[in-house]
Amino acid sequence: GAVVSQHPSWVICKSGTSVKIECRSLDFQATTMFWYRQFPKQSLMLMATSNEGSKATYEQGVEKDKFLINHASLTLSTLTVTSAHPEDSSFYICSASARFSPISGNTIYFGEGSWLTVV
Amino acid sequence: GEDVEQSLFLSVREGDSSVINCTYTDSSSTYLYWYKQEPGAGLQLLTYIFSNMDMKQDQRLTVLLNKKDKHLSLRIADTQTGDSAIYFCAESSLYGNKLVFGAGTILRVKS
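Chains as they are written, first to last, in my numbering: chain A, 112 to 230; chain B, 91 to 201.
Don't read these hints as lab results, they were simulated from the structure. Each residue gets a CB set at the ideal place from its N, CA and C atoms; glycine is no exception. Among the clues, some could well be false.
Unchecked claim - Here are the simulated DSSO-like cross-link-like pairs (lysine-lysine), alpha carbons at most 27 Å apart as the crow flies:
#1 B/Lys188 x A/Lys177
#2 A/Lys175 x A/Lys152
#3 A/Lys131 x B/Lys146
#4 B/Lys188 x A/Lys152
#5 A/Lys152 x B/Lys200
#6 B/Lys126 x A/Lys152
#7 B/Lys188 x B/Lys158
#8 B/Lys146 x B/Lys157
#9 B/Lys200 x A/Lys166
#10 A/Lys175 x B/Lys188
#11 B/Lys188 x B/Lys200
#12 B/Lys158 x A/Lys152
As the list claims (entries may be wrong) - Partial chain B-side listing against chain A, Cβ under 8 Å, derived:
#13 Phe99
#14 Gly132
#15 Leu133
#16 Leu189
To be verified - Reference listing, derived: stretches of chain A covered by chain B, where coverage requires no fewer than 3 residues with Cβ under 8 Å from a Cβ of chain B:
#17 127-139
#18 172-180
#19 220-229
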């Protein structure tokens, strides 16, 4: 099946620095990628939707200047947490979908997630 | 807005059947999904059902959809200890791929 890979799997960074997380679709072209955030023992909260070649659409309450999303190609989207603070520590998960087809369905594939710890 | 609700916890004995329930509010929901998340890991798609179906079976998994009541369930037959995980119900509409997730149901399987 389709594979979505995230890198790094976990990262520790100092407060005030920026960190980049990559999300790649390995065997299909992802026209749309999604970034979610998950706090411990909680559900996934959608942060933003990114379409290849255009600006990301952010959910209400998500700071677009803090969480920079770039979807420069059909196989890669990046999330950059700028000026990270301890409260940004979380599990970040990306997902990707191919071109939507009413016949084949709307399957969305998730990456393995990236643990971010800001110290 | 859209809302998806799940029961938070389910405990079963190994070999029994597990039934995890989910309700949603968005009448335009077209695809309904079940994902499994093991500790510290990403999400694994278990199965999904299109809204014009009322049942889908895949090996030990049976999904039932009551569109009138906006109720979705996941039945796991012969539950094993390896099935212990958090199970998320999610929905999306025809016109977008955005998923709205429930809070997740913790399934604990006792041997």
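Taking the hints in turn, this is what the structure says about them:
Straight-line distance between C-alpha atoms of B/Lys188 and A/Lys177 comes to about 21 Å, which keeps the hinted pair within the 27 Å bound. Between A/Lys175 and A/Lys152 the alpha-carbon distance is near 25 Å, which keeps this suggested pair within the 27 Å criterion. Annotation: proposed proximity of A/Lys131 to B/Lys146 is violated, straight-line Cα distance about 40 Å (limit 27 Å). This hinted pair checks out: B/Lys188 and A/Lys152 have alpha carbons roughly 21 Å apart, not beyond 27 Å.
For the hint pairing A/Lys152 with B/Lys200, the CA-to-CA distance comes to about 20 Å; that is within 27 Å, so the pair holds. Between B/Lys126 and A/Lys152 the CA atoms are separated by roughly 14 Å; this keeps the pair inside 27 Å, and the hint holds. Pair hint B/Lys188 plus B/Lys158 holds up; C-alpha atoms about 22 Å apart against a cutoff of 27 Å. Of the pairs offered as hints, the one joining B/Lys146 and B/Lys157 holds, with about 14 Å between alpha carbons and a cut-off of 27 Å not exceeded.
At most 27 Å may separate the alpha-carbon atoms for a hinted pair to count; B/Lys200 and A/Lys166 exceed this at roughly 48 Å. Proposed proximity of A/Lys175 and B/Lys188 is supported: the alpha carbons are some 18 Å apart, at most 27 Å. Note on B/Lys188 and B/Lys200: the hinted pairing is violated, with a Cα-Cα distance of about 35 Å set against a maximum of 27 Å. The straight-line distance between the Cα atoms of B/Lys158 and A/Lys152 is roughly 31 Å, outside the 27 Å bound, and the hint therefore fails.
Taking 8 Å as the C-beta contact cut-off toward chain A, the hint placing B/Phe99 at the interface is violated, the least distance being around 11 Å. Given the 8 Å rule on beta carbons, the hint for B/Gly132 holds: about 4 Å separates it from the nearest Cβ of chain A. Because the closest C-beta pair between B/Leu133 and chain A is about 4 Å apart, less than 8 Å, the hint holds. The closest approach between the C-beta of B/Leu189 and any C-beta of chain A is roughly 6 Å, which is under the 8 Å cut-off, so the hint is satisfied.
Proximity of the region 127-139 of chain A to chain B, defined as three or more residues with a beta carbon under 8 Å from a beta carbon of that chain, is not established by the 0 residues found. Beta-carbon proximity to chain B at under 8 Å applies to 0 residues in the region 172-180 of chain A; the threshold of 3 is not reached and the given coverage is violated. For the region 220-229 of chain A, the assignment as covered by chain B holds, since 6 residues bring a beta-carbon within under 8 Å of that chain's beta-carbons and 3 suffice.
Checked against the numbered hints listed earlier, the structure breaks hints 3, 9, 11, 12, 13, 17, 18; every other hint is satisfied.
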